[in-house]
Amino acid sequence: MKLVVPAPLMKQIRAHGEETYPHECCGFLFGQQDGETRTVVEVRRQANERTDSRENRFLITPEQFRDAERAARKAGLLMLGIYHSHPDSPARPSEYDRDHAWPWYSYLITSVGNGTSADSRLWQLRDDRSGFDPRDLEVAAGSPGPDTASTTARRAT
Amino acid sequence: MNLVTVEIPTALRGFAGNKDAVQLEGATVGDLLQRLGSQYPQLAKHIFDEQGQLRNFVNVYVNDDDIRHLQKEQTPVGTKDVISI
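Here the protein sequences come in this chain order: L and B.
Just so you know, the first sequence maps onto residues 1 to 157 in my numbering.
Just so you know, the second sequence maps onto residues 1 to 85 in my numbering.
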């Protein structure tokens with residue numbers, strides 16, 4: 001499974017992490033899937049609803065989830081996954097992330113060091129919930145859309 | 001027959017024959033979830049924990065109402081209700 005993120009949307013995601021630093025940011029990834037390729041066409045910022053530990057935790061409320069699922073359904077899109085930032089820590093899922101993750105979704109994590117976005121990596125929870133596996137992340141040049149030409153590719157390791 | 005619509009979130013559709021909603025028979029939310037789990041065992045493990053309880057991050061709505069604010073899994077449902085997970 002590969003996730004294609006148009007460069008302007010990736011820029012939004014990375015900027016979000018810098019704006020909320022030293023707290024975690026979070027949001028939804030809407031888009032389409034064609035075989036083994038998912039393409040993001042819309043990024044929806046969400047407020048981190050944690051009232052504590054926002055430097056290493058994020059919370060998306062059930063209502064935010066429900067509303068996003070409905071919005072995606074209405075728009076004829078899929079809710080492909082969730083992005084969030086890891087301030088001053090690597091772009092790897094934590095045990096907390098695993099405990100609260102859903103299968104299938106693409107989890108895009110961006111490490112934000114000293115207020116500047118660095119690595120962005122993509123993960124997917126195993127169906128047996130035993131851990132996350134890295135997935136291919138491709139940042140595509142141009143405007144958001146499934147036909148966008150891709151220019152760079154990177155795989156989380 | 002009391003058929004109720006249960007909407008399947010994107011993340012779980014792959015475990016439910018890629019359907020975005022299913023019609024199930026049941027009088028309560030608990031009935032519906034049990035039937036859903038029986039019909040799609042691979043889906044069940046993502047909504048129920050090892051003790052068979054709803055996972056703490058799984059929320060279920062009857063229309064716009066969280067069942068935790070109603071009668072939880074005993075919440076009655078009718079044919080006009082839409083259940084979302």
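Just so you know, these hints were derived from the structure itself, not from any lab.
Just to be clear, a hint being listed does not mean it is correct.
[Unchecked claim] Now the in silico label distances, taken between C-beta atoms and shown as ranges: (1) L:130 - B:68: 42 to 48 Å; (2) L:37 - B:3: 32 to 38 Å; (3) L:88 - B:44: 36 to 42 Å.
[To be verified] Listing some non-contacts, in silico: residues in chain L with all C-beta distances to chain B over 10 Å: (4) 8; (5) 18; (6) 66; (7) 70; (8) 90; (9) 100.
Predicted model, so just to flag it, every value in this text is computed and none were measured.
Note that the Cβ used here is the ideal one computed from N, Cα and C, for glycine as well.
Going down the list of hints, with the structure as the test:
The hinted window of 42 to 48 Å between residue 130 of chain L and residue 68 of chain B is violated, with their beta carbons roughly 28 Å apart. Taken as a hint, the range 32 to 38 Å holds for the pair residue 37 of chain L and residue 3 of chain B, whose Cβ atoms sit roughly 36 Å apart. A beta carbon spacing of about 38 Å between residue 88 of chain L and residue 44 of chain B agrees with the range 36 to 42 Å that was offered as a hint. Under the 10 Å C-beta cut-off, the non-interface status given to residue 8 of chain L relative to chain B holds; the minimum distance is some 23 Å.
The Cβ of residue 18 of chain L lies farther than 10 Å from every Cβ of chain B, with a closest approach of about 28 Å, so its non-interface assignment holds. Chain B draws residue 66 of chain L into its interface by the beta-carbon criterion, the shortest separation being 6 Å against a cut-off of 10 Å. Annotated as non-interface, residue 70 of chain L brings its C-beta within 10 Å of a C-beta of chain B; the closest such distance is 8 Å. With a least CB separation of 24 Å from chain B, residue 90 of chain L remains clear of the 10 Å interface cut-off, as annotated.
At roughly 5 Å from the closest C-beta of chain B, the C-beta of residue 100 of chain L falls inside 10 Å, breaking its exclusion from the interface.
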